[in-house]
Structures are given as C-alpha cells and as structure tokens.
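Visitor: Respectively, the protein sequence lines represent chains A and B.
First residue of the first sequence: -3, per my numbering; consecutive thereafter.
First residue of the second sequence: -3, per my numbering; consecutive thereafter.
Everything labelled a hint here was simulated from the structure, so no lab data went into it.
One or more hints might be untrue.
Note: identical chains are not told apart, hence a pair may lie in one copy or across any two.
[Claimed, not checked] Calculated cross-link-like contacts (lysine-lysine; reagent style DSSO-like; alpha-carbon spacing at most 30 Å):
| no. | residue 1 | residue 2 |
| --- | --- | --- |
| 1 | K5 | K340 |
| 2 | K340 | K44 |
| 3 | K5 | K44 |
Just so it is clear, the structure is predicted and the values come from calculations on it, not from any experiment.
Number of protein chains: 2
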Amino acid sequence: MSLEMRIGKRILLGPGPSDVHPRVLRALATPLVGHLDPEFVALMETVKQLLRETFRTRNRLTLPISATGSAGMEAALVNLLEPGDGAVICVNGAFGGRMAEIARRAGAQVTTVEVPWGDVLDPDRVRSALELLPRASAAAPRVLAVVHAETSTGARQPLEELGRLAHEHGALFVVDAVTSLGGCPLEVDAWGVDVCYSGTQKCLSCPPGLSPVTFGERAAERIRTRTRPVQSWYLDLSLIEQYWGEERVYHHTAPISMIFALYEALRIVHEEGLERRFRRHALHHAALVAGVEALGLAMAVAPAHRLPMLNAVRVPDGVDEAGVRRRLLERHGIEIGAGLGPWKGRVWRIGLMGESSTPANVLLVLAALGEALGRDRTGEALAAAERELAAAA
Amino acid sequence: MSLEMRIGKRILLGPGPSDVHPRVLRALATPLVGHLDPEFVALMETVKQLLRETFRTRNRLTLPISATGSAGMEAALVNLLEPGDGAVICVNGAFGGRMAEIARRAGAQVTTVEVPWGDVLDPDRVRSALELLPRASAAAPRVLAVVHAETSTGARQPLEELGRLAHEHGALFVVDAVTSLGGCPLEVDAWGVDVCYSGTQKCLSCPPGLSPVTFGERAAERIRTRTRPVQSWYLDLSLIEQYWGEERVYHHTAPISMIFALYEALRIVHEEGLERRFRRHALHHAALVAGVEALGLAMAVAPAHRLPMLNAVRVPDGVDEAGVRRRLLERHGIEIGAGLGPWKGRVWRIGLMGESSTPANVLLVLAALGEALGRDRTGEALAAAERELAAAA
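Construct all of the structure, not just a fragment, from the sequences and the given hints.
Guide: Written out as structure tokens, the structure reads:
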C-alpha cells in the first residue's frame, strides 16, 4: 500500500467540521510542551477565560473536555444523573434522541417530549411533562435537557422559557450548544442554563476533538452531593475540575495540540467580537436562503425557527440526493451534508459556520447547486443572494 | 490580558508527551476535510492497518478511540464488564489503581493483587486470586487486567504467563500498553492479549488526544453477548465499530487533525521498523542507566524489570527534587517528570520515548542533571553513556 497521505483541498459547507483559519492550523503545529509545564498551565487559564466570554457566563467550572462534543453531552448528563433520577428530555432531532439514550444508560427514568423533526418544542408541552413527574421523590425531575441548535434539522430552540420551567420544577437546565456556540446568541447566565456543552468544529472553527462545557453553581452543588461516584471516571467533573484548577491534580494528559488550536480559535472569536460574529452568520444565512428559494428549492424549517449556521434544504422529488453531493465534492471540493434518520435522502444540510460563513461560500454553493441540479435559475439565485449581502452593507 | 500565545521550545524527557517529529506537526496542520469524506475514510483504513502492525495483531477491531489513553482504559473495562462481574486487577503503581477504580464504577466485583510500587507481579499470586473467585457464576473472573509498562514506576510486567492464567480461568486478558506500544516488544496475538489499549503521546511520538485500542474475537464476542448496554455511550465499542467499519454509521465526529497526526506518526514507526525501534529504545536506556549510576544515582526499579522508555531515578537524600526539575526546565528547556503517589518527591521520571530517545538527549539530560546536582562526576557519567552507545555501533 502507498502510505503517502493524500488529502485534497476542501471547502467545508456541511454540518461540521467547518473551515479552519490558517492561524489555528499554525497553532496546531506548535511543537509540544508538557501538560504540566507552567507555560501550558497559563494557557489553560486563558482558554477557560475565553470560553467564559464565549458562553457568556461567569461559571468557574468552564473548560474543554478532552474528547469530542458527544463526550461533552455524556459528561453533562452522567455528572448530574444517578440511577432512578427523573429526566425530561426534549427530542426534535437526532441529538435530542441521543441525550435520551445517554440518560437511560446512566440509569435515569427518562421522559421524552417529542415533536416532529424540524419543529421546536412548545413550553406548554414541556411543562406538562415536568408536572407529571412526582415532586420531592427520587423520580422528581432532576434534569430538563434540550438541544439549542439541532444539527440534524437546522431548528433553533428558544431557551429562556424552558429555563424558567426547569427551575420552577427544581430541575437543572441542560443545553446542547454544539452547533450554536459562537454562531448565534447564547446567554448561559442570563437564560438560566445550568450546564451547557459544545463542540469545537462548528462555529468556533477549530478542528473536532474537544468539547467546551460550563457548569453553574447549582450543577456543581449537585455533583458534590451525589450519593455515588459518576459512572464514568474519564468524564467525572469532580476530577477534571481539580486537573484544570489550581491544584493541577493529575487526571489525564490534556490533548495539548488541540488546546493550542482552541486557544487560537477563541482568540479569533474574541477579536471579531460575538455580536459581529452573530451578525455575520445571520447575514450569510439570509443570503443563502434568498438564493436557495430563488433556485426554486424549499427550506425544511419554518422561517421563525431557522438556525443561521445550519440550513436544511429539501431535496426536490426525483433528484439524486447523493449524486448532487458527490458532484459538488468531486467537481468543486465542496462538502455539504446529507440528512440523518427520517431526513436521510430528503434534505441537504448546508453549513455556514465560523470561517466557512463567507459571502464567497454563499455564492459558490448556490452556483454549484444550480449547476448540479441543471436549473436555469442560477443567475437569479446569485442576484437574490447579492441583494441580501448588499442590503447589509 | 495579552492573548499572544507564548510557548517556548522544550525537550520532552518526562513521562509523556514525547517530542513530536516535524512531519507529524505538518500533518496536524493539514487543512481539514470532512470526517465522512472518501479521502478521510481511506486514511482511517490505513490507520487501522498500521495500528494492527504496531500492536502485532490481526484483530479486525483495532482503531483509535477519540480521547486520551485514560479513555482507552475506560473503554477496555466498561465494554467487557457488567455489574456484578468479577475482575482481578493487578496493582503495582498508579495506573493499576486507576483500572481498579474504573472497574468498580462499572459495578464489577474487583479483586486487586497488589505489590509494592516498582515491583512486578508474581504469576503465582495472580493464580491464587483467580482461584479464589467462584467458577461459573456471575462473580467468576470475567477480566484479568494488568499494566504492561507502569508509567508511574518504570516497571515492565512480563505478560505471557499471565495471559495463559487468564484463559485457564475463563477470563479475558486486558493489558495497558499506554507507555510500551512502539517502544518495547508487545505481542498482542502471540501473548494471548484479548484487549490492549495505548496512548499516542509516548513511544508513538504523536501528540496526546487519541487512544489506540485493539479488541480480539473473544472480547468482541463478549460485547455482543452483554445483557445490558455499555454504560458509556461515547465509549461503546459496538457503536464505534460501526463508525470505523464499512457501514460508516455516524457516531461522533472523529478528531480529524489528530488522526492525520497519528497516521504520520505510525508511518514513521513503520519506516523505522518495530525491531529497530525497540533496539534504539533499549540502547539509549542502557546508556542513560550507565550515566545515572556513574553520577552516583540509583535506579528505582530492579535491572530485570526496567522499562527502556521510562526511567525512575531515586532522588538522593537532601536534594530539592522540585528544584532540580525547575532548574532543568528553566535553564535548558528540559522537562523530566516528578514522582506520583507514594513516590512523590522520591524519584525523577526520565522518559526516552519515541523521537525523544536519542543519543543527544541521553548526554544532555546527564550533563544537566550533573550540573543541577553539583556533582563533579558529570564527565564520568558522560563517558559511561558514550561507552554504551559505542558498544552498539
């Protein structure tokens, strides 16, 4: 076998990873230092501070878990739940379903509140589910968990009212922000989020491999008062906290190069500023939608609930869904995503995340889609997108 | 706060990470492709093949877990164990103790066989522990687990007889090879190892962040016949196997840049060849020991049981252990390791792993240690090391 590494150039417009800034690639390639080196320890402190800024929180316990976003999800749930605990989990896509599965494996009594893929949850339905659980017993709602940005559908879940409901019922509010962090408003403190986790490869435009998490004081207190140890030693926040804290108690060896990369990616977020970053994502989303609709295609999520960074576009009847993606990849090096679960074969997922959210990419993906579909409305689509871009200038 | 990244040059002679080859750093900095991209899928196949070669196994289920070595340890144990299962765990240092802790959190009935730090386990004691467990019951020994290379002490555990004992008692043989893989002989198939896990940042000289694992057919069969799901969704091998297999069923997003780095690091191992690599580690170990002893210092582990890549050196009475490490770091940029647990303050741990195992580093660390200790025998130490190096030429 030939062992030469053969990796071509790609433009990443799928559900993640997104394109990575050259500064982040250079940071990745920094020669290593030890994970207990004073210079690395100082860098870890800055990473925590930059993550707090990005999550909009003052939570002390804010750090990247040494694994991908799915491990952040598991860390959030297994640290809070003990066998028999009640958990209400909102499911409107693939990742809500995954939270329920992880909570069940932690021994929780899981109640799911399910709505069709692409929809968002009505707080009244969530309230009913919380009220059905007994109060002041082991099965009382310990956790209310919801996905802020469903990567499988592109739906944005409003959070503030759900946070209030959780606290009214004595539950901790757990939010999956894998795809939203750094791409649209997320207010951990102001919205009463007790635990929030994310991934690095979406709107932070860092390679995949770390999961930023933040745990508020109520959640930290819950961890302190558990009756048995967290089932996962690797994801036990009480141990990880000591490793990332002043004590620097050895737990595992941090993924040093990935921390370098996250540091640089967070610096870039800091330099741009969150508000400008959110406006940029919103603008390119609006331009993409205008172009997609001018091409005669339909968005899969209602306008009021669309995420700016993940755009699910319905595949027209009779079109070879995989063939279009393959054509974009092979002809132009453009990656867009396929549908998952019930949406497999039915949507394309076009990501405009972090560094990938540019006017050039909006125009490029519209031109490439128009060509692949053989539509003669490509010129109109590009003009519609340009109008949106110009309106903001 | 100033956000410029300030990371100096280091020579990594501690317990890991080790120095990383420039080729691996360049691979890390490769612009990303998607984790389902055909080019990335092809690269994953080659990584699996190179890992099999390095583990000396034909096990189909051989892949890197998307987290650090400690997660590989947890994956090994939680996939095999169910609540109530018997597990015999050998403890002769920090990492054996960690295995016991993880097995307990998986609900296993753990029997530990303990010997003092720095010693290795006598098979007769292990046999006695296995024989004490009831046969053909839930508490029958499901797993015998041992650390091949105890990173906390530098002791090398002989494995072949323990493998036979495990199988005689119907147990699966689990081996921690975090520090040994690629640095000294390890024969997964020939020695009857059912599950082996490692880390990337030791003798493979790749940054930390991945845990190569291999599961043999007996272990895979055990996973298939579990009565309840693996408690960790993230580390569930039956799911990870489908993601890394032909089906490519989405599980998590692989840490793409780290896989690039591992690929290149494994290529370098392949190019050098395992036998040459083992001889190189053995030679530089011998030279270091000759020099350390000529300096008037003592090794902490008996000659018959020393690992070549991790050398624990006793701190002489009256010497400021941390002060010496700090002097090496601040004056020369050399990192060596401190002792853990009962050996805290009592040993230095000098790693000569992968790219860090060079004649230059042997001479450098001896010269720096001699200077820091104010010993006038530095010249003799260097000469003793040079004689060892020359004898092999």
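Visitor: All hints, please: hold or fail.
Guide: Structure-based check of each hint:
no.: 1; hint: K5 to K340; result: within (26 Å within a copy, 49 Å between copies)
no.: 2; hint: K340 to K44; result: between (38 Å within a copy, 28 Å between copies)
no.: 3; hint: K5 to K44; result: between (32 Å within a copy, 23 Å between copies)
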